[in-house]
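Undergrad: Going line by line, the protein sequences match chains D, R, U, A, G and C. Heads up, the final residue of the first sequence is numbered 98 in the working numbering, and it's a clean run with no missing numbers. Heads up, the final residue of the second sequence is numbered 98 in the working numbering, and it's a clean run with no missing numbers. Heads up, the final residue of the third sequence is numbered 98 in the working numbering, and it's a clean run with no missing numbers. Heads up, the final residue of the fourth sequence is numbered 331 in the working numbering, and it's a clean run with no missing numbers. Heads up, the final residue of the fifth sequence is numbered 331 in the working numbering, and it's a clean run with no missing numbers. Heads up, the final residue of the sixth sequence is numbered 331 in the working numbering, and it's a clean run with no missing numbers.
It is worth saying that the hints were derived from the structure and are not from the lab. Computed from a predicted structure; not experimentally measured. C-beta: ideal position from N, C-alpha, C; glycine also. Don't take every hint at face value.
To be verified - Which residues of chain U face chain D? A few of them, derived with a C-beta cut under 7 Å, are:
1. V37
2. R38
3. G39
4. G41
5. V45
6. A63
7. M67
8. V68
9. K69
10. L81
11. S84
12. I87
13. C88
14. L89
15. L90
16. Q94
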Amino acid sequence: MKPCKRIEIVIETPMVPALIAVFKELDIPGYSLIPEVRGSGDRGVRRADELSGQSSNSLVLVACDDMVKIERLLEAVRPLLARSGGICLLSDAQWLRH
Amino acid sequence: MKPCKRIEIVIETPMVPALIAVFKELDIPGYSLIPEVRGSGDRGVRRADELSGQSSNSLVLVACDDMVKIERLLEAVRPLLARSGGICLLSDAQWLRH
Amino acid sequence: MKPCKRIEIVIETPMVPALIAVFKELDIPGYSLIPEVRGSGDRGVRRADELSGQSSNSLVLVACDDMVKIERLLEAVRPLLARSGGICLLSDAQWLRH
Amino acid sequence: MSVFLSNLSSPPLLFFFLGVAAVLVRSDLEIPAQIAKSLSLYLLFAIGFKGGVAISESTIDATMLLTLLGAVTLSALIPVYTFVLLRRWFPLADAAAIAATYGSVSAVTFVTATGYLDMLGIQWSGYLVAAMALMESPAIIVGIVLYKYYGGQQRGAVQNVSWKALLREALFNGSVLLILGSMLIGWITGADGMQKVEPLVKDLFLGLLCLFLLDMGIVAARRFGDLPATKTTGSDGRSMRPLLLAAMLLPALNALVGLALAVLLGLSEGNALLLVVLAASASYIAVPAAMRLALPEANPGSYLTMSLAITFPLNLLVGIPAYHAAIRWLL
Amino acid sequence: MSVFLSNLSSPPLLFFFLGVAAVLVRSDLEIPAQIAKSLSLYLLFAIGFKGGVAISESTIDATMLLTLLGAVTLSALIPVYTFVLLRRWFPLADAAAIAATYGSVSAVTFVTATGYLDMLGIQWSGYLVAAMALMESPAIIVGIVLYKYYGGQQRGAVQNVSWKALLREALFNGSVLLILGSMLIGWITGADGMQKVEPLVKDLFLGLLCLFLLDMGIVAARRFGDLPATKTTGSDGRSMRPLLLAAMLLPALNALVGLALAVLLGLSEGNALLLVVLAASASYIAVPAAMRLALPEANPGSYLTMSLAITFPLNLLVGIPAYHAAIRWLL
Amino acid sequence: MSVFLSNLSSPPLLFFFLGVAAVLVRSDLEIPAQIAKSLSLYLLFAIGFKGGVAISESTIDATMLLTLLGAVTLSALIPVYTFVLLRRWFPLADAAAIAATYGSVSAVTFVTATGYLDMLGIQWSGYLVAAMALMESPAIIVGIVLYKYYGGQQRGAVQNVSWKALLREALFNGSVLLILGSMLIGWITGADGMQKVEPLVKDLFLGLLCLFLLDMGIVAARRFGDLPATKTTGSDGRSMRPLLLAAMLLPALNALVGLALAVLLGLSEGNALLLVVLAASASYIAVPAAMRLALPEANPGSYLTMSLAITFPLNLLVGIPAYHAAIRWLL
Ligand SMILES: Nc1ncnc2c1ncn2[C@@H]1O[C@H](COP(=O)(O)O)[C@@H](O)[C@H]1O
Ligand SMILES: Nc1ncnc2c1ncn2[C@@H]1O[C@H](COP(=O)(O)O)[C@@H](O)[C@H]1O
Ligand SMILES: Nc1ncnc2c1ncn2[C@@H]1O[C@H](COP(=O)(O)O)[C@@H](O)[C@H]1O
Ligand code: NA
Ligand code: NA
Ligand code: NA
C-alpha cells in the first residue's frame, strides 16, 4: 500500500475531451470515468435526458501519488470548472500495489 | 481548497425522488447521481435487471461544507435507509474552489 | 456513525464474477457495483465500446469495518489485479448506522 | 394435449426456455437493461394501440361495460381473500404485498395469451386491453388499505406514506399510463392511425415478443436461483414451502374466480380466456415498484420472486392452455 | 381549421401530448436515455437516406441549387438579426447562443413536417433534406463570430476557444455527419439500395416517430417545469418575460423570412412549407452541444429551454399548419 | 473487378466507411453501447433463426455432416499452425491468444458474406450457420491447451485457471448460445415459425446490418488509431510490423486452407465462399472475452487490434470478393 490522493471531478460530458486532453498534457496516464451521471448544482438540474448530451455529467476518478502532478492538475482543472461548472474533490487514500 | 465532507448514499432507485425531496427541504442544492448501480447487502442481491427498476440502486454523492446541514441530512437519511435499505458513508475531502 | 474503510476497486468487467466469488468466499455480504466504467491506465485506453465487454471496467465499492476481513480481501484482490489490471484504493469513512 | 404442445412449441415460449437454459448453464447471455425496458414499453404501446383501434371499430355495449366493471371488481376482490388466506403464513406486510401483486396483472402474460389466441385463430375483443389497464391500480390501493387497517393498529407503520404519492403511483404508474394513453390514441386515430404504424405495432410484434421473453427467461431463472438464499436470509427462519405453494395455488384459485365471472358475463371463448388470464396472472412491474414506496417493510424476496419466478412461467407454460381447456369444457 | 385538427390528431402528435401528460401527472414514464438517443439517430439516418435516394432520382436543376444556397444564407442571416434584436434584453453570451440556436434547425420538426405533408398527400423534394443538413453549421459559426466581435472587446473572452475544434464541432457534429453521410449513401445506392433497407427506413418511420415524440414530450415538459427555477437562479434577477416572448416571436419572424425566400425561389407548396419550417425551427441537439464547448458562459437555461420547451412544441402543434395556411393563401 | 465494386457500394459497407470517416474527422458520432450490443444480439438471433429454418427444410445428408465436421476440424487446426508460426515473433501468451482468435470466427463477417451472396442471387445452405456456431469454441480450447503445454513448463502460469469455467466460457458463451439456441428454435418451428417473425428476422436484416456496421466502422477505426500507442506501451519495445503483417497474412493463409477443404468437400459456390470466409475471419467477441479470463497475460492490444482493426475490415472490403473470385476460378 502506498499513500496517494483520490481526485474526483464531476464535469459535464461535452467537456470530457478537454479534461482528458489536460491529463495527456500533464502525463497523467490513469483515470476512470463514469458516464451518464445526473446531478444538480448552481446551474440547475442536469437530468441526463437530452439528446445533445448537454445535460449529462461524467464523474472522473484519478488516483495519483505525485504531489507535483496533482498541483498542476488542480490548476488546470480550475478554469475548466469555472467556465462550465462542476466540482472537484481531493481526498486521501491508500493504493494497493500489485 | 476548502475542507468539506463527502456523503455517499447507495439507495434503491425507486426511493431517489424521496431522497431528492429531502435535499430540497434541507436546501442542499448540489448533488451528483449515478443511476443503475448494482449491489448486494442484507436484503440480497440487486442485479438491476428488472423492469420495475426495483432491483436497481443509485449512488448519490453530496459534497457539503456546512456541518449543520450535514447533521440534518444524516438525520433525514437514516429513516429512509432503515425502511428500504442501503448505506450512507461520510468522509473528509478538500473542495477545489473555482 | 461507526468508523469503517471504503474499498474501491476498478477492474475489467469480465473479471467481476471472479471478484464477487472472492467476496462470497470471504463472507463479505455488502458491495455496490457501477458497470460500464471507462478508463485508461498502463494497459491503454478502455472505451467500453466493444461488444466483447472486454474494454469496459466496473467500479466496485465495499464498506467494511472488520479489519481482518479487509486484510484478507486486499490479499485476495492483489493477484486478480496483477493478472488483469485495475486499481484498488482504501480510504477512511464513517458509516451511518440505521 | 395438442394445445399444450403447440403452446410450448411457439417461438416466444421457446425463447423463454432459451433464456432459462442460459442461466442454468451459467452463460453470460444477457439483454442490456435499457433494451429490455424498451421492449417492455414497446409491448405496452403496441397492445394498447391495437386495443384502442379495436374498440374504435366496435360498438360500446352492455357486455363490454360489464366486463370492464367486472375486471375492476376482480382486481379489488382478489387481494382481499388473498390477504385473509395468507396472513397466517406470512408476515403481515408480505401478505399485503402478495395480495396486491396477485390482484394486479402481468401485461406480458396477457400479451402472450393474445398471441396464443391469434395463433389458433380465435377471436378476442379490444376492450379486454382496457380491462387489463384498469386492473393494474385497484389491487395496489386495496393492498395498502388492508395493511394499514390490520398492521397499522399493531405497529403504527405506514403512517408517513403520503396517500397522494401512493394514488399517483397506482394510477399514473409508467406502464399504466403508457397502455391507457396508447389505447386512447389508437381509439382516436382508428384504422387510419393503425395503417401508419402497422409495421411497428403489428408486424414486428411476435418477433420482439420472442426477444422480450428471452430476457424474461433469464430474469425469472436468476430469481429462481435466488430462492434458497431467500430462505436463509429470512430473519424469521420460516421455510420456503408456503411461498412455493402460494405461488402455484393462487393463480389456480384466481383463475377459477375469473372463470366464474366469465361464465356469468357470457363471454366468448377468446374473451373468457383473456379474463381468466388476467385474474390468474400477477404483476411484476407496476406493483413491486409501488410496494417499494408504500410498503418497504415487505420483502421483495417474497412477492417479486413468487410472481416472477414461479407464477409467470407457470401461467405461460401450463396455465394458458389449461385455462383454455377448462373454458372449452365449460362453454 | 381542419388542417390544424388533422395535424393535432395524428398519432405522432398525440404521443407528444401523452409525454407531456406523463410529466404533468408526475408519472415515472420514461424512455431509457440510450433508446431515445438511438431513435434520434434513426430519424436522421432514415430521413437522410430517403432524401439521398430522392435526389438520385431527380435531376439537379437551378431551383435545387438556389434553394440550397438560400438555405445556407438563411442559416447565416437569421443569427445576425436575432443577435441584434436580442442583445439589449439578454446577456451578450446568451444573445449569441440564442441567435445560433434559431439560425440552425430542428431535424425532428422537419421530419414531422414531412410526415404532415405525406399525410395530406402533398409532394416534396428530397433535396430539402440536403438543405436541412446544410443549415446546421453556418449558424453556429456566425453566432460565435458575433460574440467574439462584440463580446471580445469588452471582456477578452473566447480567446482560448480553439477555432479548429469549433469548426470541427460545427461541420462534423454527430448529427450533421450522420444525415449527410446517409444522404450520400442513399444518393450512391439509389432505388436499389432503398429496396434493401425500405422496411427499416420507410415502413417503421411513423411508428418510431411516435415513440420519439413521446420522449420529446416528456423532455420538453420537464424543461418547461424548470422555467420558474431558471428565473430565480439567474444571478441577474431578470424576469422571464423576454425569454418567453422571444421563444414565441422568433419562430414567427423567421418563418416570415423563410416564406419570403420560398416565394422568391418559386418553390412548390410542399417544398415551401419545409423551407419555412427550417427557418422557423430552432436546434436543440447540435447547437447546444457546440455552445457548451465554445460559449460555456451562455446559460443553457435560456437557449435550450427556449428551443426545446417552447419553440419546438409551438412549431409542432400550431406552426406547421399555420405556415401551411399562410403558404396556401399566398401561392 | 465489378464484384469488388458492387461489394464496396452496398449500403452496409458504405455505412462501415461512414463510421471510419466519423473517427477520421474526429466527429462525436456514436452508437450508444447498449444499442450496439443489441444489434449484435439481433444479428445472431436472426442469422441463427434463418439457418435453423433452412435446415428444417432440407434433408440431412453426408455433405452437410462432413462440412460440419470439417468446420470443427478447421477451428481446431488453424490455432495449431498459427501458434507454431507466431511463437517466434510474439510473446507466448500473445501467440496463443492470436491463434485462438483466428481459429474462431467473426459472425458479422459471415453475415455480410451471406448478404453479399443474396445480393448476387447465389444460393447457400442453412447448415453453414451451424458450421459457424460450431467453430467458435474449439479454437478457444486449443489456444489455451497450447499455451498451457508450451508456456506452463516455463513459467507455471495458467495453473489456477479453472478448466470448468474455461469450458463453460468456450461452449456457453453468450453469442454461441444465442446462435445455437435460435438455430434450434428455427429448426423446431420451421416455416410456420418463420412466418411469424419474418418482419423482424428477414425484412429488417439489411437495414439493421447497416447501423451495426456503422458502429463497427467507428470501433475499428478507433482501435486502428490506438495502434501506434500499442507499440510504445509494449514493455518489450518490439516493433509493430509482425502484428500488421500477421493480421494481413493470416486471413489469406486460412482462406487457402478453407478453400482446400471446400474443394475437397465439393461444396457449391455459395457454401464454399461461406466456409472460406469462416476460415479467414477472426473472432472479436467470444474469443477476446474468453481470453481475458483464461489468459489475462496476453495483451488485447495485440489480438483484439489485429482482428478488429485490420482483419475484419480487410475481409469485409477485399476478402469476400477476392475469395469469391478465387472460388469461381477454381470451380
Ligand atoms: N455539492 C455538490 N455535491 C455533489 N455534486 C455536485 C455538487 N455541486 C455540483 N455538483 C455536480 O456538478 C454539476 C455541475 O454543478 P454546477 O456547476 O454547480 O451546476 C452538478 O450537476 C452536479 O452533478
Ligand atoms: N457494505 C457495503 N458496501 C457497499 N455497498 C453496500 C454495502 N451494504 C449494502 N450496500 C449497498 O446497499 C444496497 C442495499 O443494501 P441492503 O439494504 O443491506 O440490502 C446493496 O444492494 C448495495 O448496493
Ligand atoms: N491512476 C488511476 N486512477 C484511476 N483509475 C485508474 C488509474 N489507473 C488505472 N485505472 C483504472 O484501471 C483500469 C485498468 O488499469 P491498468 O491495469 O493500469 O490499465 C483503467 O482502465 C482505469 O479505469
Ligand atoms: Na391477477
Ligand atoms: Na431555424
Ligand atoms: Na477463422
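Undergrad: Indicate, hint by hint, whether the structure satisfies it.
TA: Hint check results:
Contact between V37 of chain U and chain D, as hinted, is supported at the beta carbon level, the nearest pair being about 5 Å apart and thus within 7 Å. Because the smallest distance between the Cβ of R38 of chain U and any Cβ of chain D comes to about 4 Å, under 7 Å, the interface hint for this residue holds. With 7 Å as the threshold, the beta carbon of G39 of chain U comes within range of chain D, its nearest partner Cβ sitting at about 4 Å, so the hint holds. For G41 of chain U, the interface hint holds, since its Cβ comes within 7 Å of a Cβ in chain D; the closest pair sits about 5 Å apart.
The closest approach between the C-beta of V45 of chain U and any C-beta of chain D is roughly 9 Å, which is over the 7 Å cut-off, so the hint fails. Given hint, A63 of chain U at the interface with chain D, is violated; its Cβ is 14 Å from that chain's nearest Cβ, farther than 7 Å. Proximity of M67 of chain U to chain D is violated relative to the hint, the smallest CB-CB distance being about 13 Å (cut-off 7 Å). Here the hint on V68 of chain U is broken, as its CB sits about 16 Å from the closest CB of chain D, past 7 Å.
Interface hint status for K69 of chain U: violated, as the beta-carbon distance to the closest one in chain D is roughly 15 Å, over 7 Å. Given the 7 Å rule on beta carbons, the hint for L81 of chain U holds: about 4 Å separates it from the nearest Cβ of chain D. Residue-level restraint check for S84 of chain U is violated (minimum Cβ-Cβ distance to chain D is 10 Å; threshold 7 Å). Contact between I87 of chain U and chain D, as hinted, is supported at the beta carbon level, the nearest pair being about 6 Å apart and thus within 7 Å.
Hint status for C88 of chain U: holds, given a least beta-carbon distance of 4 Å to chain D, under 7 Å. Here the hint on L89 of chain U is kept, as its CB sits about 4 Å from the closest CB of chain D, short of 7 Å. Below 7 Å, beta-carbon pairs count as interface contacts, and L90 of chain U has one with chain D at about 4 Å; its hint therefore holds. Given the 7 Å rule on beta carbons, the hint for Q94 of chain U is violated: about 13 Å separates it from the nearest Cβ of chain D.
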